[in-house]
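Just so you know, the protein sequences line up as chains P and R, in that order. Each step along the first sequence adds one to the number in the working numbering, with nothing skipped, and position 5 is 7. Each step along the second sequence adds one to the number in the working numbering, with nothing skipped, and position 20 is 22.
Source of the hints: derived by calculation from the structure; they are not laboratory data. Hints may contain errors.
Copies of the same chain look alike in the list, so a pair counts if it works inside one copy or between any two.
[Stated by the list, open to error] Lysine-lysine pairs mimicking BS3-like chemistry, simulated, CA-CA at most 30 angstroms apart:
1. Lys235 <-> Lys280
2. Lys312 <-> Lys280
3. Lys251 <-> Lys291
4. Lys252 <-> Lys111
5. Lys251 <-> Lys41
6. Lys16 <-> Lys240
7. Lys235 <-> Lys252
8. Lys16 <-> Lys291
9. Lys300 <-> Lys41
10. Lys235 <-> Lys33
11. Lys312 <-> Lys72
12. Lys16 <-> Lys37
13. Lys6 <-> Lys235
14. Lys294 <-> Lys37
15. Lys282 <-> Lys235
16. Lys300 <-> Lys33
17. Lys33 <-> Lys240
18. Lys282 <-> Lys37
19. Lys312 <-> Lys282
20. Lys251 <-> Lys33
21. Lys229 <-> Lys24
22. Lys235 <-> Lys312
23. Lys240 <-> Lys294
24. Lys72 <-> Lys252
25. Lys260 <-> Lys235
26. Lys300 <-> Lys240
27. Lys260 <-> Lys294
28. Lys235 <-> Lys291
29. Lys252 <-> Lys294
30. Lys252 <-> Lys229
Given the structure is predicted, the values throughout are model-derived calculations rather than measurements.
Protein chains: 2
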Amino acid sequence: MEEKLALMIEAARKSNERALAKLISHVEDRKPGWKDIMKAIYAETGRTCVIGVTGSPGAGKSSLVGEFAKQLGDMGYTIGIIAVDPSSPFSGGAVLGDRIRMRDISTYKNIFIRSMATRGMLGGLCQAARDVVRIMDFAGRDIVIIETVGVGQDEIEVVSASDYVVLVTYPGGGDSVQAIKAGVMEIADIFVVNKCDRGGADVIVSEISAMLDLSTETTEEIPPVIKVSAFTKEGIDKLMEILSEFIQKKNEGSHYQKEHIRQEVMSILETEMVTLIKEKISSNGNMEKELKLILSGKSDPYSVADELIKRFAVIKNPKQKRKGDFQ
Amino acid sequence: MEEKLALMIEAARKSNERALAKLISHVEDRKPGWKDIMKAIYAETGRTCVIGVTGSPGAGKSSLVGEFAKQLGDMGYTIGIIAVDPSSPFSGGAVLGDRIRMRDISTYKNIFIRSMATRGMLGGLCQAARDVVRIMDFAGRDIVIIETVGVGQDEIEVVSASDYVVLVTYPGGGDSVQAIKAGVMEIADIFVVNKCDRGGADVIVSEISAMLDLSTETTEEIPPVIKVSAFTKEGIDKLMEILSEFIQKKNEGSHYQKEHIRQEVMSILETEMVTLIKEKISSNGNMEKELKLILSGKSDPYSVADELIKRFAVIKNPKQKRKGDFQ
Numbered sequence: 003m004e005e006k007l008a009l010m011i012e013a014a015r016k017s018n019e020r021a022l023a024k025l026i027s028h029v030e031d032r033k034p035g036w037k038d039i040m041k042a043i044y045a046e047t048g049r050t051c052v053i054g055v056t057g058s059p060g061a062g063k064s065s066l067v068g069e070f071a072k073q074l075g076d077m078g079y080t081i082g083i084i085a086v087d088p089s090s091p092f093s094g095g096a097v098l099g100d101r102i103r104m105r106d107i108s109t110y111k112n113i114f115i116r117s118m119a120t121r122g123m124l125g126g127l128c129q130a131a132r133d134v135v136r137i138m139d140f141a142g143r144d145i146v147i148i149e150t151v152g153v154g155q156d157e158i159e160v161v162s163a164s165d166y167v168v169l170v171t172y173p174g175g176g177d178s179v180q181a182i183k184a185g186v187m188e189i190a191d192i193f194v195v196n197k198c199d200r201g202g203a204d205v206i207v208s209e210i211s212a213m214l215d216l217s218t219e220t221t222e223e224i225p226p227v228i229k230v231s232a233f234t235k236e237g238i239d240k241l242m243e244i245l246s247e248f249i250q251k252k253n254e255g256s257h258y259q260k261e262h263i264r265q266e267v268m269s270i271l272e273t274e275m276v277t278l279i280k281e282k283i284s285s286n287g288n289m290e291k292e293l294k295l296i297l298s299g300k301s302d303p304y305s306v307a308d309e310l311i312k313r314f315a316v317i318k319n320p321k322q323k324r325k326g327d328f329q
Numbered sequence: 003m004e005e006k007l008a009l010m011i012e013a014a015r016k017s018n019e020r021a022l023a024k025l026i027s028h029v030e031d032r033k034p035g036w037k038d039i040m041k042a043i044y045a046e047t048g049r050t051c052v053i054g055v056t057g058s059p060g061a062g063k064s065s066l067v068g069e070f071a072k073q074l075g076d077m078g079y080t081i082g083i084i085a086v087d088p089s090s091p092f093s094g095g096a097v098l099g100d101r102i103r104m105r106d107i108s109t110y111k112n113i114f115i116r117s118m119a120t121r122g123m124l125g126g127l128c129q130a131a132r133d134v135v136r137i138m139d140f141a142g143r144d145i146v147i148i149e150t151v152g153v154g155q156d157e158i159e160v161v162s163a164s165d166y167v168v169l170v171t172y173p174g175g176g177d178s179v180q181a182i183k184a185g186v187m188e189i190a191d192i193f194v195v196n197k198c199d200r201g202g203a204d205v206i207v208s209e210i211s212a213m214l215d216l217s218t219e220t221t222e223e224i225p226p227v228i229k230v231s232a233f234t235k236e237g238i239d240k241l242m243e244i245l246s247e248f249i250q251k252k253n254e255g256s257h258y259q260k261e262h263i264r265q266e267v268m269s270i271l272e273t274e275m276v277t278l279i280k281e282k283i284s285s286n287g288n289m290e291k292e293l294k295l296i297l298s299g300k301s302d303p304y305s306v307a308d309e310l311i312k313r314f315a316v317i318k319n320p321k322q323k324r325k326g327d328f329q
């Protein structure tokens, strides 16, 4: 490894924030040596407690994350926040006050914030988030909070790689529970009904509790549903109590560890394979010939994809110890 | 191809709805011969106008889609609706009245509705949606409407494969514009502020217009921003007028065609590659040995992923006409 990188790693190990930021950028941008960095730091990670926070846009996740990050910071924990922001190049990613509110808390000691724009990112969103978690973990952050802006499939995957998932909803014209059905309900460890100062929160709590009641096995523990207000601070104490329990449990060891690692390997593998074959294709005429065939009705995307795989990749069968086995 | 499949294709070509539904299920479930179906029908597709409808949960997309599907149906068009529903197995995918409202309009002639659950789906969401569009196209649907539940990265990819994208938002405590920044703004061809009967809609319209004004090149056409109410029917006429223009334009040929096909090939290719290598890995011990190495600190996910790629796949360089070139 280059000496510059080794020095950056050494400084990050000592929790130097500038080195941490540089290391993240280096890996995010897939600059030469990024994978060596990840391999080098891996053995010293796995200690941090990762909390995923998701929910529909406008649920007040940023304010809430700001609030409990501050409190956890005051309790002596070092915090890393990853704001997964699928910002459009169009809007510049800061239409509303989100990032401004975030900047507010970034001056707190113990809190390190990193925004992750997902557009134009090299490698998948999910893997990129995992990488950043690993680096923050290595740099000694006790707790890493991943906050997503929306609730899509990718966002669900991102938070499902956390140790604990907080789902934030709010009273908003009776439509808020709809946001929950987006595949996230079964991965949430706690349901937070935010903006409870607005009224209507009790209805949401009942609805969520009813859904949980119906669908949870009698042997399972029903996840807590709590009302909070980042504005009046109602319920924040209760939330902090539950989060502290999570952090405590994590320190006693996580059951999901093996499954998480399996997912991580597959996610890296997929990203790498796709990157490799994309490079090959773009350096070999970028499919122009094939596209013409499709446009003229002489072929179709399925046949072209099959043919490209056969041409550029061989899926081997290692058991038979033969090269070139394509199935 | 099996005779049963050939008969199914033949019946779907004659717009038989049962055959259409069966064909979709066959392809969605990746049953034997699914790819032959896609290859067989491809040449007879490309005629339908695909309209993607997205926006945050609770924006009233389903009601709106129901409304304009009915009107387009009355105008003589045959409609296919794909409701992309990232339903959790937990909630059964029908927490709120969405699918009930949908069932309402499914009794209308000319309208064929298909719900697509994304959890546990074989192959990517985006490719699966494209496949269903192709099949509906083949079965003679003039217009296919894709409606997503949320606004995540996957959902944006799904609708970005449409000919036209409708972004639905609504007045909801000033937070609605936040939903827009999720990377979707630059792909929207029309902005609809729904539930304008509720008040506050004008503010949203101004905010969106201001954003568009700031970021659109002077040479570009600024997409329309309109207020509608699926409840009072305000603005629906204007919306129908714009949609009719879209459909007209599509019939005159789309500029995006080549780029869409390129995306489609890449999407099929990625899904296939990943499926192939996943099968190999799971039939070769499912990484148990490698996971143990990682857990004991002797390896890391990055090294394991590299090693698995080297063991199971060869990325070839066809120009050099050599086997086994791994880069």
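To see whether the hints hold, each was checked on the structure:
1. Lys235 <-> Lys280: neither (50 angstroms within a copy, 47 angstroms between copies)
2. Lys312 <-> Lys280: Both: 14 angstroms inside a chain and 17 angstroms across chains, each within 30 angstroms.
3. Lys251 <-> Lys291: between (57 angstroms within a copy, 27 angstroms between copies)
4. Lys252 <-> Lys111: within (23 angstroms within a copy, 56 angstroms between copies)
5. Lys251 <-> Lys41: So lysine 251 and lysine 41 pass the 30 angstroms test inside one copy only (27 angstroms; across, 52 angstroms).
6. Lys16 <-> Lys240: This pair counts as neither: shortest intra-copy Cα distance 34 angstroms, inter-copy 61 angstroms.
7. Lys235 <-> Lys252: For lysine 235 and lysine 252, the Cα distance is within 30 angstroms only inside one copy (26 angstroms; across copies 53 angstroms).
8. Lys16 <-> Lys291: Neither way: lysine 16 and lysine 291 sit 53 angstroms apart in one copy and 33 angstroms across, limit 30 angstroms.
9. Lys300 <-> Lys41: Classified as between; 11 angstroms across copies, 46 angstroms inside a copy.
10. Lys235 <-> Lys33: Classified as neither: same-chain Cα gap 43 angstroms, cross-chain 54 angstroms, threshold 30 angstroms.
11. Lys312 <-> Lys72: For lysine 312 and lysine 72, the Cα distance exceeds 30 angstroms both inside one copy (54 angstroms) and across copies (45 angstroms).
12. Lys16 <-> Lys37: Only inside one copy: lysine 16 and lysine 37 sit 21 angstroms apart there, 54 angstroms across copies, limit 30 angstroms.
13. Lys6 <-> Lys235: The answer is neither: 46 angstroms in one copy and 64 angstroms across copies each exceed 30 angstroms.
14. Lys294 <-> Lys37: Classified as between; 21 angstroms across copies, 37 angstroms inside a copy.
15. Lys282 <-> Lys235: The answer is neither: 55 angstroms in one copy and 52 angstroms across copies each exceed 30 angstroms.
16. Lys300 <-> Lys33: So lysine 300 and lysine 33 pass the 30 angstroms test across copies only (25 angstroms; inside, 40 angstroms).
17. Lys33 <-> Lys240: So lysine 33 and lysine 240 fail the 30 angstroms test inside a copy (43 angstroms) and across (50 angstroms) alike.
18. Lys282 <-> Lys37: Cα proximity of lysine 282 and lysine 37: in one copy and across copies (20 angstroms, 24 angstroms).
19. Lys312 <-> Lys282: both (13 angstroms within a copy, 16 angstroms between copies)
20. Lys251 <-> Lys33: This pair counts as neither: shortest intra-copy Cα distance 36 angstroms, inter-copy 43 angstroms.
21. Lys229 <-> Lys24: Result: close neither inside a copy nor across copies, 39 angstroms intra and 46 angstroms inter.
22. Lys235 <-> Lys312: Cα proximity of lysine 235 and lysine 312: none, with 60 angstroms in one copy and 54 angstroms across.
23. Lys240 <-> Lys294: neither (62 angstroms within a copy, 38 angstroms between copies)
24. Lys72 <-> Lys252: within (20 angstroms within a copy, 53 angstroms between copies)
25. Lys260 <-> Lys235: neither (37 angstroms within a copy, 54 angstroms between copies)
26. Lys300 <-> Lys240: Classified as neither: same-chain Cα gap 64 angstroms, cross-chain 41 angstroms, threshold 30 angstroms.
27. Lys260 <-> Lys294: Intra 46 angstroms, inter 9 angstroms, cutoff 30 angstroms: inter-copy only.
28. Lys235 <-> Lys291: Cα proximity of lysine 235 and lysine 291: none, with 62 angstroms in one copy and 49 angstroms across.
29. Lys252 <-> Lys294: Answer is between; shortest inter-copy Cα gap is 20 angstroms, intra-copy 55 angstroms.
30. Lys252 <-> Lys229: Cα proximity of lysine 252 and lysine 229: one copy only (24 angstroms, versus 49 angstroms across).
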